[in-house]
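**Q** Chain residues, written in single-letter form:
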Amino acid sequence: MLKTTISPIILSFAGKPKASRFIFQAFNKVVLQDTTPSARRNASTNLTTLHQGPPTSAYVHLPFCRKRCHYCDFPILALGTSSSSSNVYEEGKEDDPRITNYVDLLVREIKATRTDFDANPNLETVFFGGGTPSLVPPKLVSLVLETLTLNFGLTPDAEISMEMDPGTFDGQKLKELMDLGVNRVSLGVQAFQDELLKACGRAHGVSQVYEAIEFVKECGVENWSMDLISSLPHQTLDMWEESLRLAIQSKPNHVSVYDLQVEQGTKFGNLYTPGQSPLPSETQSAEFYKTASSMLRGAGYEHYEVSSYSKGDFKCKHNLIYWKNKPFYAFGLGSASYVGGLRFSRPRRLKEYTNYVADLENGAANWCGTGVVDLKDVATDIVMLSFRTSKGLDLKEFGEAFGSEVVKSICKVYEPYVESGHIVCLDDMRREVMSDEVNTLVASDEAKIENHVRYLRLKDPDGFLLSNELISLAFGVVAP
Amino acid sequence: MGSMYRASKTLKSSRRAFSVLSNSLKSNRRDPLCIGLYQAYGFSSDSRHSSKEPTIDLTQFPSEKIRNFSIIAHIDHGKSTLADRLMELTGTIKKGHGQPQYLDKLQVERERGITVKAQTATMFYENKVKDQEASGFLLNLIDTPGHVDFSYEVSRSLSACQGALLVVDAAQGVQAQTVANFYLAFESNLTIVPVINKIDQPTADPERVKAQLKSMFDLDTDDVLLVSAKTGLGLEHVLPAVIERIPPPPGISDSPLRMLLFDSFFNEYKGVICYVSVVDGMLTKGDKVSFAASGQSYEVLDVGIMHPELTSTGMLLTGQVGYIVTGMRTTKEARIGDTIYRTKTTVEPLPGFKPVRHMVFSGVYPADGSDFEALSHAIEKLTCNDASVSVAKETSTALGMGFRCGFLGLLHMDVFHQRLEQEYGTQVISTIPTVPYTFEYSDGTKLQVQNPAALPSTPKYRVTASWEPTVIATIILPSEYVGAVINLCSDRRGQQLEYTFIDAQRVFLKYQLPLREIVVDFYDELKSITSGYASFDYEDAEYQASDLVKVDILLNGQAVDALATIVHKQKAYRVGKELVEKLKNYIDRQMFEVMIQAAIGSKIIARDTISAMRKNVLAKCYGGDITRKKKLLEKQKEGKKRMKRVGSVDIPHEAFQQILKVS
Ligand SMILES: Nc1nc2c(ncn2[C@@H]2O[C@H](COP(=O)(O)OP(=O)(O)OP(=O)(O)O)[C@@H](O)[C@H]2O)c(=O)[nH]1
Ligand SMILES: C[S@@+](CC[C@H](N)C(=O)[O-])C[C@H]1O[C@@H](n2cnc3c(N)ncnc32)[C@H](O)[C@@H]1O
Ligand SMILES: [Mg+2]
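Protein chains in written order, with this note's numbering: chain A, 24 to 503; chain B, 634 to 1296.
Since the hints were made in silico from the structure, they are not lab data. Computed from a predicted model, the values in this text were never measured in an experiment. Any given hint could be a false lead.
[Stated by the list, open to error] As a list, the in silico DSSO-like pairs of lysine-lysine whose alpha-carbon atoms are at most 27 Å apart: (1) Lys1263/B <-> Lys1273/B; (2) Lys728/B <-> Lys738/B; (3) Lys414/A <-> Lys435/A; (4) Lys1210/B <-> Lys1160/B; (5) Lys921/B <-> Lys761/B; (6) Lys435/A <-> Lys1263/B; (7) Lys1215/B <-> Lys1274/B; (8) Lys399/A <-> Lys1264/B; (9) Lys349/A <-> Lys1160/B; (10) Lys349/A <-> Lys1270/B; (11) Lys1217/B <-> Lys1143/B; (12) Lys1204/B <-> Lys1079/B; (13) Lys1270/B <-> Lys482/A; (14) Lys482/A <-> Lys1236/B; (15) Lys290/A <-> Lys349/A; (16) Lys863/B <-> Lys1079/B; (17) Lys290/A <-> Lys1268/B; (18) Lys435/A <-> Lys419/A; (19) Lys1273/B <-> Lys399/A; (20) Lys1210/B <-> Lys349/A; (21) Lys414/A <-> Lys1268/B; (22) Lys274/A <-> Lys334/A; (23) Lys482/A <-> Lys1268/B; (24) Lys399/A <-> Lys482/A; (25) Lys338/A <-> Lys728/B; (26) Lys903/B <-> Lys340/A; (27) Lys728/B <-> Lys761/B; (28) Lys290/A <-> Lys1264/B; (29) Lys399/A <-> Lys419/A; (30) Lys338/A <-> Lys1262/B; (31) Lys1262/B <-> Lys290/A; (32) Lys1263/B <-> Lys313/A; (33) Lys1274/B <-> Lys1236/B.
[Stated by the list, open to error] Between beta-carbon pairs, the in silico distance windows are: (34) Thr1260/B <-> Ser165/A: 27 to 35 Å; (35) Lys1014/B <-> Arg91/A: 17 to 25 Å; (36) Leu294/A <-> Ser1161/B: 35 to 43 Å; (37) Asn474/A <-> Lys1014/B: 45 to 53 Å.
All residues carry an ideal CB built from backbone N, CA and C; glycine is no exception.
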């Protein structure tokens, strides 16, 4: 790429590790100095300051699972399937010390998180992820929620999501959880074929899936989501279409479709190579993705993010925080937070996590990470996260934050992909801007592109399917 | 430290002789500069030798005590190893210290185990001849490269010598470069001392090799020395033979100074170092000298010998070989083959060397397009130490600004790239090498083409004739492979000139071949069909008329100038097809289908497509933990940096040079 046509972002500034009021002010000052007058006026909504405010979201990691799935590389603690108990729902017993001890730690971690923001807004979203949070006794979930409320406050209409596995809860348990405030369920179905569930090492079969769906409906959970995985070993297009059809029939108002990631160190990682049998070929796998997109959209779902589909107003508010590069807290084993512009991951091992919580309490550790906020990182984060969504990248906002030059550079590298239809350009009213017009704008020295092209988005499904390629191209000009 | 030890060791023997010699010298000379000699005596630029401890005194080595010889051989027959042994034997280097093949100093030489650059070493040797009193000799040894690309180094080295050790591997026998180098020495009227090396090998057959030497070069079997440079066996006969058989340098000591500049290189600290051989007269530090070709004059700031490191001596006498340092800034001022003489005298210039002929040309571009300046700087510096490369700026639409470089062969080209990387840290993309062609158009104009891109694909005037360079190739091989080799040569459009038996098992073939046909993979092919038993050498010959066409490579309809090539019309289809196939393997799948085509003018002769990439998405982005995903994207971004984008197609750097392996 020629130097003259591509201008990278060169701003960067140092921040202090603690999320104190002091640094947030310091951030503001630097940003104000480094941005153009037009950006200064909008400083409060500027992308470069977005992450600086107090978070209104919290991720809570509940790591317990009956056993580890063959594809899974999350930080989990496997409890083992109890053979003595005939009632599977009792697996996460209230007095299982592994669970009570962990929740105890978690509560201590939350309490040790002392913030010093100007304003202390209540939490608007809480997400219990796992692991399998539905294995945790409601009483303990209640304790966590109480602690969060005490420490940060919780708005009455907060979205409180919980990941649940078929076979780990019944109607009663779900009712109890709902009484505590849980109002969104994410059901990990993955597939509607027993042989596939078995091949994944799932601890449940299809019949438990149907039962679980029944419990959700019976309890009147209005806001619920279903997780499916595509490109599983031995999965055929017929099976995948069947799963999608059955998913649609059970009428969740949100569906997450994940393309299988073969992770190093997992059982799948040791056994399989992506694109090779028994995994589907790259072409088949792309076909699965396209099929999901067309079937779900055909059934009235909006494809609002690479792997998320929703009906009506039921986008996951918590996940939207991620895509918008807004700050969020995180608590629990291996969880990752984003506060004060710093991404910070907690230890993935229980022992180290235990030490971490103790250090937090005695002031030896800090809860939001340390380091320097690099504006280039902020910019690439925004590029990467925005392009995952159907809204796309808001060039006006991006230009105000990082300069018009870089906007032009992005448009320039994307020119061939606008032409090939991988990238869609939209104006203020979200009307498509055609590729020849875009070419003229890029070629012109005067035109400020963002005045004509407000949004860039990846085309569904062709652009989404190649999102890594396309995003890394933008990285090349934003942070060369 | 090593050099100090060696210097004082030679002193022991030389100090005794000094008074006698310097006296005789004084009386012999009317030259007023003779006084300067005494001042020069004891001079050293090396501060470790303090003035009270005189260093090497060259005055005790008049011409008759000097022998200048090169070691020449086929590649890998043991020249550098033999040089090691001879330097050890004379105490020039310490036994067991330093690396094997001591004179192979360049990193490329060490890594590849070959000599690329000729190196000179001066040795002092005491010779006892029968009942005569032992007397000291000064010996200049020049170790030369064996590979055909560097045969100009051999020619140059020979011009500073009166004799040559012709080394032949006892198991392999006479090979193609043995023949070539023998004739180089023979035609320069040098005395040839045949040495059969590696007699320690179990497969050694010295008698057979002796017979070959006799039948091919008419060398007397009784004169052949048998040695093992590895074990040291027979080594003691080598230097006495050098002294007895090779004549001393013929120069006239009381004629005006005349020196041959036979090599030069650039040294960070001293500037340009010129390697010289004093033909007539003598030279002292502080002298003013002029260079005949460049017309420039300089003061000699330092003068000395390669022992084997640069060692100041303050002077050089008739017949001696050494170095001089002047205020010269770049090696461009030091034209190899030039005659150096004392300023304000007139001398007959020495014959010099015939200019090097560049066999292959290739584009050299910065891997990162913005680094042109850095590349330019590196090339300028490297050409100071490798004057045999020709360099001219050029521009490619695909690769940006770069250089068209002329090389002596593909190994030379490879070595040049490697040195650019290793010695100057520059990453380069090199384009398909080409040989120089000539085209004639219907309007009578002629075009010399060193870059296929410069040849118009659809010219205004019709091409009426075209010419390509040829070579005369020598191939020596076991007779059982003759059929296969003859097939190979005719496939490569060769014309047989000679077919003789060296002995019962070995055949000598001579062919005229188009240079283009041998430049890339001929030798590899030859080795593979003869299980490695054939050897090959060539020398340039005249241009021949040939039906040549340009093959363009198009990506999605757009011609990529850096991938164009010129071939014989008969081969165009095959080459076009192979190029397309190769490229298909090198270019990764892109976000859209890529059509690769080969074309002559507007006629498509081969095509293929790379289907579009289907999927590259990380659908699982969980719990807000984006760091891993981001790392992956960063890595992908870095990967793209190793690509050149032509139109909208990303081509990996390697593709440009790797697809050259197409016949
Ligand atoms: N067995 C045996 N091996 C030897 C002998 N002399 C040299 N070699 C080996 O032969 C190989 C080539 O030796 P070099 O001295 O590098 O040969 P060269 O002729 O200088 O090679 P180029 O400079 O590349 O032409 C090395 O591996 C040496 O160790 C010998 O007398 N006996
Ligand atoms: C934290 S995980 C598991 C939560 C819960 N235990 C369950 O199984 O539903 C959340 C979702 O990520 C998806 N997932 C986990 N590992 C994956 C992988 N390697 N590739 C693709 N999707 C994966 C699954 O769809 C899963 O439901
Ligand atoms: Mg050598």
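**Q** All the hints need checking, so say for each whether the structure fits it.
**A** Structure-based check of each hint:
1. Annotation: proposed proximity of lysine 1263/B to lysine 1273/B holds, straight-line Cα distance about 15 Å (limit 27 Å).
2. The suggested pairing of lysine 728/B with lysine 738/B holds, with an alpha-carbon distance near 17 Å, which does not exceed 27 Å.
3. Restraint check for lysine 414/A and lysine 435/A: the C-alpha separation of about 20 Å stays at or below 27 Å, so the hint holds.
4. Under the criterion of a C-alpha separation no larger than 27 Å, the hint pairing lysine 1210/B with lysine 1160/B is consistent with the structure, at around 25 Å.
5. Using a Cα cut-off of 27 Å, the hinted pair lysine 921/B and lysine 761/B is violated, with the two alpha carbons roughly 39 Å apart.
6. The suggested pairing of lysine 435/A with lysine 1263/B holds, with an alpha-carbon distance near 22 Å, which does not exceed 27 Å.
7. For the given pair, lysine 1215/B sits about 21 Å from lysine 1274/B by alpha-carbon distance, which is consistent with the 27 Å threshold.
8. In summary, the hint linking lysine 399/A to lysine 1264/B is supported, as the alpha carbons are separated by about 14 Å, within the 27 Å threshold.
9. Restraint check for lysine 349/A and lysine 1160/B: the C-alpha separation of about 65 Å exceeds 27 Å, so the hint is violated.
10. The suggested pairing of lysine 349/A with lysine 1270/B holds, with an alpha-carbon distance near 25 Å, which does not exceed 27 Å.
11. Between lysine 1217/B and lysine 1143/B, the direct Cα distance comes to roughly 38 Å. Violation of the 27 Å bound is thereby established for this hinted pair.
12. Between the alpha carbons of lysine 1204/B and lysine 1079/B the distance comes to roughly 24 Å, so the proposed pair stays at or under 27 Å and holds.
13. Restraint check: the Cα-Cα separation between lysine 1270/B and lysine 482/A comes to about 21 Å, which is no more than 27 Å; the hinted pair holds.
14. Among the hinted pairs, lysine 482/A with lysine 1236/B is inconsistent with the structure: their alpha-carbon atoms are about 37 Å apart, more than 27 Å.
15. Proposed proximity of lysine 290/A and lysine 349/A is contradicted: the alpha carbons are some 35 Å apart, above 27 Å.
16. Among the hinted pairs, lysine 863/B with lysine 1079/B is inconsistent with the structure: their alpha-carbon atoms are about 55 Å apart, more than 27 Å.
17. Note on lysine 290/A and lysine 1268/B: the hinted pairing holds, with a Cα-Cα distance of about 25 Å set against a maximum of 27 Å.
18. Distance check on the hinted pair: lysine 435/A and lysine 419/A sit about 16 Å apart at the alpha-carbon level, within 27 Å; holds.
19. For the hint pairing lysine 1273/B with lysine 399/A, the CA-to-CA distance comes to about 19 Å; that is within 27 Å, so the pair holds.
20. For the proposed pair lysine 1210/B and lysine 349/A, the alpha carbon gap of about 54 Å is over 27 Å, so the pair is violated.
21. For the given pair, lysine 414/A sits about 26 Å from lysine 1268/B by alpha-carbon distance, which is consistent with the 27 Å threshold.
22. For a cut-off of 27 Å, the pair hint linking lysine 274/A to lysine 334/A stands: about 10 Å separates their Cα positions.
23. With a C-alpha separation of about 24 Å, the suggested pairing of lysine 482/A with lysine 1268/B holds against the 27 Å cut-off.
24. Annotation: proposed proximity of lysine 399/A to lysine 482/A holds, straight-line Cα distance about 25 Å (limit 27 Å).
25. Under the criterion of a C-alpha separation no larger than 27 Å, the hint pairing lysine 338/A with lysine 728/B is inconsistent with the structure, at around 80 Å.
26. This hinted pair does not check out: lysine 903/B and lysine 340/A have alpha carbons roughly 72 Å apart, beyond 27 Å.
27. The straight-line distance between the Cα atoms of lysine 728/B and lysine 761/B is roughly 22 Å, inside the 27 Å bound, and the hint therefore holds.
28. About 23 Å separates the Cα atoms of lysine 290/A and lysine 1264/B, which keeps this hinted pair within 27 Å; it holds.
29. A distance of roughly 17 Å separates the Cα atoms of lysine 399/A and lysine 419/A; the hinted pair therefore holds under the 27 Å criterion.
30. Among the hinted pairs, lysine 338/A with lysine 1262/B is consistent with the structure: their alpha-carbon atoms are about 22 Å apart, no more than 27 Å.
31. Using a Cα cut-off of 27 Å, the hinted pair lysine 1262/B and lysine 290/A holds, with the two alpha carbons roughly 21 Å apart.
32. With a C-alpha separation of about 24 Å, the suggested pairing of lysine 1263/B with lysine 313/A holds against the 27 Å cut-off.
33. This hinted pair does not check out: lysine 1274/B and lysine 1236/B have alpha carbons roughly 34 Å apart, beyond 27 Å.
34. Evaluation of the 27 to 35 Å hint for threonine 1260/B and serine 165/A yields a pass: the beta carbon distance comes to about 32 Å.
35. Under the hint 17 to 25 Å, the C-beta atoms of lysine 1014/B and arginine 91/A, about 59 Å apart, miss the expected range.
36. At about 40 Å, the beta-carbon gap between leucine 294/A and serine 1161/B stays in the expected band of 35 to 43 Å.
37. In this structure, asparagine 474/A and lysine 1014/B meet the distance hint of 45 to 53 Å, their C-beta atoms being roughly 50 Å apart.
Checked against the numbered hints listed earlier, the structure breaks hints 5, 9, 11, 14, 15, 16, 20, 25, 26, 33, 35; every other hint is satisfied.
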